[in-house]
Amino acid sequence: MKPLAALFLREWRLSTRVGGGALMGALFFLIVVTVIPFGVGPDLKLLARIGPAILWIGALLATLLSLDRLFQADRDDGALDLLMMGETPLELVVVVKCLAHWAATGLPLVIAAPFLAVFMNLDPPAIGATVATLLVGTPALTFLGAIGAALTVSLRRGGLLSAILILPLTTPVLIFGVSATTAAVTEPTPFLAPFLILVALVLFSLVVGAIAAAQALRLSAN
Amino acid sequence: MMLPSLGPHAGFILAAYAVFLVAVIGVVVWIVLDGRQLSRQLAELEARGIRRRGSDKKPDAVP
Amino acid sequence: MRLAIESLSVERGGRLVIAGLTVAAKAGTALVVTGPNGAGKSTLIRTIAGLLPLAAGSIRLEGGDPELTVAEQCHYFGHQDGLKTALTVKENLAFWRDFYGRPALSVIEALEVVGLEHLSELPAAYLSAGQRRRLSFARLLISHRPIWLLDEPTSALDAGSEVRLIDCVNDHLVSGGLVIAATHAPLTFRARESLALGHVVAEASP
Amino acid sequence: MPLIDLANPTRFLGFVGRLVPWLTAVTIVLFAVGLYGAFFLAPDDYQQGATVKIMFIHVPCAWLSMFVYATMAASSLGTLVWRHPLADVSMKAAAPIGAVFTFVCLATGSLWGKPMWGTWWVWDARLTSVLVLFIMYLGLIALWQTIEDPIRGAKAVAVLTLVGAINLPIIKFSVDWWNTLHQPAAVFRLGGPTIDISMLWPLLVTALAATCLFVTLQLLAMKNEIKRRRLRTLRLIEASRPHAVAGTPVVGAAS
Numbered sequence: 000m001k002p003l004a005a006l007f008l009r010e011w012r013l014s015t016r017v018g019g020g021a022l023m024g025a026l027f028f029l030i031v032v033t034v035i036p037f038g039v040g041p042d043l044k045l046l047a048r049i050g051p052a053i054l055w056i057g058a059l060l061a062t063l064l065s066l067d068r069l070f071q072a073d074r075d076d077g078a079l080d081l082l083m084m085g086e087t088p089l090e091l092v093v094v095v096k097c098l099a100h101w102a103a104t105g106l107p108l109v110i111a112a113p114f115l116a117v118f119m120n121l122d123p124p125a126i127g128a129t130v131a132t133l134l135v136g137t138p139a140l141t142f143l144g145a146i147g148a149a150l151t152v153s154l155r156r157g158g159l160l161s162a163i164l165i166l167p168l169t170t171p172v173l174i175f176g177v178s179a180t181t182a183a184v185t186e187p188t189p190f191l192a193p194f195l196i197l198v199a200l201v202l203f204s205l206v207v208g209a210i211a212a213a214q215a216l217r218l219s220a221n
Numbered sequence: 000m001m002l003p004s005l006g007p008h009a010g011f012i013l014a015a016y017a018v019f020l021v022a023v024i025g026v027v028v029w030i031v032l033d034g035r036q037l038s039r040q041l042a043e044l045e046a047r048g049i050r051r052r053g054s055d056k057k058p059d060a061v062p
Numbered sequence: 000m001r002l003a004i005e006s007l008s009v010e011r012g013g014r015l016v017i018a019g020l021t022v023a024a025k026a027g028t029a030l031v032v033t034g035p036n037g038a039g040k041s042t043l044i045r046t047i048a049g050l051l052p053l054a055a056g057s058i059r060l061e062g063g064d065p066e067l068t069v070a071e072q073c074h075y076f077g078h079q080d081g082l083k084t085a086l087t088v089k090e091n092l093a094f095w096r097d098f099y100g101r102p103a104l105s106v107i108e109a110l111e112v113v114g115l116e117h118l119s120e121l122p123a124a125y126l127s128a129g130q131r132r133r134l135s136f137a138r139l140l141i142s143h144r145p146i147w148l149l150d151e152p153t154s155a156l157d158a159g160s161e162v163r164l165i166d167c168v169n170d171h172l173v174s175g176g177l178v179i180a181a182t183h184a185p186l187t188f189r190a191r192e193s194l195a196l197g198h199v200v201a202e203a204s205p
Numbered sequence: 000m001p002l003i004d005l006a007n008p009t010r011f012l013g014f015v016g017r018l019v020p021w022l023t024a025v026t027i028v029l030f031a032v033g034l035y036g037a038f039f040l041a042p043d044d045y046q047q048g049a050t051v052k053i054m055f056i057h058v059p060c061a062w063l064s065m066f067v068y069a070t071m072a073a074s075s076l077g078t079l080v081w082r083h084p085l086a087d088v089s090m091k092a093a094a095p096i097g098a099v100f101t102f103v104c105l106a107t108g109s110l111w112g113k114p115m116w117g118t119w120w121v122w123d124a125r126l127t128s129v130l131v132l133f134i135m136y137l138g139l140i141a142l143w144q145t146i147e148d149p150i151r152g153a154k155a156v157a158v159l160t161l162v163g164a165i166n167l168p169i170i171k172f173s174v175d176w177w178n179t180l181h182q183p184a185a186v187f188r189l190g191g192p193t194i195d196i197s198m199l200w201p202l203l204v205t206a207l208a209a210t211c212l213f214v215t216l217q218l219l220a221m222k223n224e225i226k227r228r229r230l231r232t233l234r235l236i237e238a239s240r241p242h243a244v245a246g247t248p249v250v251g252a253a254s
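Those protein sequences? They're chains S, E, X and V, same order as listed. For the first sequence, position 87 matches number 86 in numbering that gives the first Met the number 0, and the numbering has no gaps at all. For the second sequence, position 15 matches number 14 in numbering that gives the first Met the number 0, and the numbering has no gaps at all. For the third sequence, position 165 matches number 164 in numbering that gives the first Met the number 0, and the numbering has no gaps at all. For the fourth sequence, position 81 matches number 80 in numbering that gives the first Met the number 0, and the numbering has no gaps at all.
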């Protein structure tokens, strides 16, 4: 098996086995979205209006907060040093780890989104748009979040700090994600324009995330 | 004994019972498969001559 | 093949742990690095492994693969074993074999060498400290890398395992490999040079 | 048979083996009777028409979601106070089953709500508190997932279960209050106090059937959990077993 395929399989196994925390993101997403109506009130029309934004913010928080174990686990047991000594460039290792994390944590978010959209009383076109934008947008959150995870890998309690560092970077993804969803619902505005910008943001964050995270990991080795 | 007419919302009634049925069958299948897999692994280990301490004679608390 | 270290200086935590070290390690002989705690044994090994930046000086591998960096031609056997408790013994080893490439021994052969083949399907969580060290050592056998960097290799190993480890290292030396070991224990490698760190200017004593 | 006698897992496994076939038969019979009563004997509701039939599944599941949590709370007492060895086994086995029944309760509630309220989900007081209960179940399952050693971990889960149990009435009250605060008054009262006898007995029978179903699934799940722990013990023993003569190193280990 090729090195990167072996790495992906390993990451997938680690996150889906007991203690892996694969569904933690989806559970956190469920709780965040459920709590909103308790605050805002069960007014269905209001919930329908803010629904896409709530789903996006929930997915954003769920992704960022479940990213601190991305490099920390490997650093604690010495696997990170060995990964850095491999012939595979560290940037590719970071990309594969992000994809595996997205598959184990990001994808369940997208799968859970339609059910939670029902809680937000969204109608089918809005649900479809939200799921589409989440499916395309969440990888960007993972790649950007990886930078925060790499920067705070040597800190004991870096999880929250990495979310704080990375949240500003993810605002463009959030803005275009939500605007694409609302564009799909309100007739005149085109859906495709913000959607394609979102896709561009994902590719951009893939490159920036991989390079920045790899460099951060090298600097933090001691 | 007239067949019950389920009225205009028959779909929802059948859907509700379908959800219940699928859920129950899902749990039963999951438990049976889990049990079978565990027994197989236990048999494998015991075939290799690994015994719990006095597993037959004195009753022990949950190991 | 020869590992040439010229006037190497390494900083760690703001302190110049290694200053102006020049030493060479030839193929077929083990460079045993000794010295008190904090003398920089681990630092030297981690620097060769490319895990620490060099403050000054250079590390070159003469006769090695020109396309690869020195680090990519090293196996690192440190204090931490790099094992995942959720994966089974076989999965741990199979991953490193695929990830490092250049396969040498198969997973089962390597497990037999370290005496763990009967636990191959067991999750690593169930292993004792000694077993984990032996599994981690098996990583050096499953892919070809000329330089072996050993940091306190015999810690947590019982006598039998220690003998086995020394045999493997001797085999590696016989096959033209190169070993740098930081240790306190008197290890009987077949050909060895010692390097005492902790003096102001360290020089290789034959 | 005194409860403490069941503490011995081997005897418990035997007991489960003998009881489950009978319990399954009883469950099936009860369901048959209950559903027959529900579909053929009970009249349609004057307002909702036939959709009230969903009640015969929805209400038992709602009852079960609370009954299962109650058994888990009792088991957590068993673990923390009386140290009954099977208590945390039953606690761990019950969590997924409780979660499934709570999910079915939510799903059937939503399916019942659609024809009547026009939307799949309404933040009705009862449905909302069941939703919070569902999240608590998922939280307990997630906590079980992160625990390596079942014996030591059981205490942590027991504490969380008890804290949850204490908070349930508070959640129920605050959700009701929150609901009346926002909800327009005209919410159709489901199953008012005076429910017609011809609809009541099938409801009780299906509720009893569902409870028997839960007990059957619970006993089987506990059997699995005991096997899982034995497997863990055997693996520990295997790892610590002195290995036969270590193989001689293969020449040319790394050439």
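Keep in mind that the hints were calculated from the coordinates and are not lab data. Ideal placement from N, C-alpha and C gives every residue a C-beta, glycine not left out. Check the hints yourself; a few may be wrong.
[Claimed, not checked] The following label-pair restraints were derived from C-beta to C-beta distances: (1) S/Val-206 with E/Ser-38: 32 to 42 Å; (2) S/Pro-187 with V/Ile-169: 25 to 35 Å; (3) S/Pro-124 with E/Gly-25: 22 to 32 Å; (4) V/Asp-43 with E/Val-27: 51 to 61 Å; (5) S/Arg-156 with X/Ser-127: 47 to 57 Å.
[As the list claims (entries may be wrong)] Restricting the straight-line Cα-Cα distance to at most 27 Å, the calculated cross-link-like pairs of lysine-lysine (DSSO-like) are: (6) S/Lys-44 with V/Lys-171; (7) V/Lys-154 with V/Lys-113; (8) X/Lys-25 with S/Lys-1; (9) V/Lys-226 with V/Lys-113; (10) V/Lys-226 with X/Lys-89; (11) S/Lys-44 with V/Lys-113.
Could you see if the CB distance from V/Asp-43 to E/Val-27 stays within 51 to 61 Å? Between V/Asp-43 and E/Val-27, where Cβ atoms are some 32 Å apart, the hint is violated.
- Query: If you check the beta carbons of S/Pro-124 and E/Gly-25, does the distance land in 22 to 32 Å?
  - Reply: holds (31 Å)
*asked:* Looking only at beta-carbon atoms, does the pair S/Val-206, E/Ser-38 fall within the given range of 32 to 42 Å?
replied: This hint is violated: roughly 51 Å between Cβ atoms.
Is it true that the CA of S/Lys-44 sits at most 27 Å from the CA of V/Lys-113?
-> Status holds; Cα separation ~16 Å.
Satisfaction of hint between S/Lys-1 and X/Lys-25, Cα-Cα up to 27 Å | violated (32 Å)
What's the verdict on S/Lys-44 and V/Lys-171, does the C-alpha distance respect the 27 Å limit or exceed it? holds (25 Å)
inquiry  = Can you confirm whether the C-alpha distance between V/Lys-226 and X/Lys-89 stays at or below 27 Å?
reply    = The given pair, whose Cα atoms are some 24 Å apart, holds under the 27 Å limit.
*Are S/Arg-156 and X/Ser-127 spaced within 47 to 57 Å by their CB atoms?*
violated (30 Å)
*Would you check the hint for V/Lys-226 and V/Lys-113, treating anything up to 27 Å between C-alpha atoms as holding?*
violated (43 Å)
Point to revise | Pair hint V/Lys-154 and V/Lys-113, alpha-carbon separation not exceeding 27 Å | key: Violated. V/Lys-154 to V/Lys-113 sits at ~42 Å, over the 27 Å cutoff.
Review point. Given a hinted range of 25 to 35 Å, is it respected by the beta-carbon distance of S/Pro-187 and V/Ile-169?
Key: violated (48 Å)
Checked against the numbered hints above, the structure violates hints 1, 2, 4, 5, 7, 8 and 9; every other hint is satisfied.
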